[in-house]
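Sequential numbering of the sequence shown, starting at 1, is according to full-length UniProt numbering.
In the BS3-like style, the derived pairs of lysine-lysine whose C-alpha atoms are separated by at most 25 Å in a straight line are:
1) K126 with K34
2) K34 with K44
3) K140 with K158
4) K180 with K269
5) K211 with K178
6) K38 with K80
7) K209 with K180
8) K19 with K140
9) K38 with K24
10) K178 with K325
11) K193 with K242
Label pairs and their in silico Cβ distance ranges:
12) G330 with D287: 28 to 34 Å
13) R203 with N148: 19 to 25 Å
14) R22 with T46: 24 to 30 Å
15) D88 with R203: 53 to 59 Å
No wet-lab data here; the hints were simulated from the structure. Just so you know, these numbers come straight off a predicted model, no measurement behind them. Note that beta-carbon positions come from the ideal geometry of N, C-alpha and C, so glycine has one too.
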Amino acid sequence: MLDIKKIEAAINQISAEKKIDRQKLIEIIEHAIKTAYKKDYWSKDTNVNVAIDVETWTIEIGVEKEIVETVENPYTQIAKSDLWDDADSFEYGDTVEIDVSDEVMGNEEWFGRIASQAARQVIIQKIQESEKEKIYNLFKNKEGEIVNLKIELVEKNKVLLDYNGNSIVLPKSEQVAKDKYAPGQRIYVYVWKVEEDSITGPRVTLTRKDKNLVAKLFEMNVPELEDGTVEIIRIARNPGFKTKIIVGSEYEEVDPAGSLIGPKGIRVKAVVDELFGEKIDIINYTDDMKELIKKALSPAQISDVKIDMANHEATCYVLWEEKVKAIGKGGANINLAVELTGYKISLVSNDEV
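Construct the complete structure from the given sequences, taking the supplied hints into account.
Shown next as structure tokens:
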């Protein structure tokens, strides 16, 4: 037979470890037992009520049945003649709850083996759903923000992070390959999406890859961004390698790029350190598109730029030795420049003209 004292111990243990409300766990277990017996003991059409008395730690199980003259479905109906002494207090069509606690609890093989296994599976599922719901509630107002979390465990395909005693996953797909994670370490993650899903349940997606992680890190370290003196106009990122940022200000006396770099580079260094050494190029905005494209292709020195504004195309002329820099490893530099400026960029060596 299922030892009710073990249920009490399990409730207390899970409540403490998972920080799930004790009453919520009791409801989960009641639902688990109900689900198991609707499937394996009665019919799925049967209305079953399960209640755990936390004072005496006993389980009460009742089956709702309709009172009829002739029983056609024994799972959902009962003859009035079978109601014993209190039959006269009911009418045909009434619903009565039949206490089957002793019958079910007394069936040790059934209750102890089949029901326990089924209940255990549902309990696990319900606990997982409860944890998802709890994580969702913690993060639902943080979408589009960054949070600082402690690493609990590093596994092959995921990193487990701690948020106020709750575990949340940073999947492999949202990690930056060059990042080095270790248990006990604290990292910032970007809360990319918090959503309700009818199939999988509540879901929170954290990432280290999104370019907005970089923007938010600068906002945290640069007061001028916080108060609106300086703004990030555009940003392009190749996670783990390089980020390019265009910044601007309405105030002529302000150096936007200098604000992000900070005294002796302290502000940009704080962001670079959090990104495990990712390079960051910071460019002051100009409405001269030729000049902006030249800056976007840094560190390459561009000799000249011809602009086709109608088609958003630019032809850049460079010395041969600068062309390699403009392209970057695997095309990374020119791809970032294209994303940053919104222009299709072609490179032409001066000696090809």
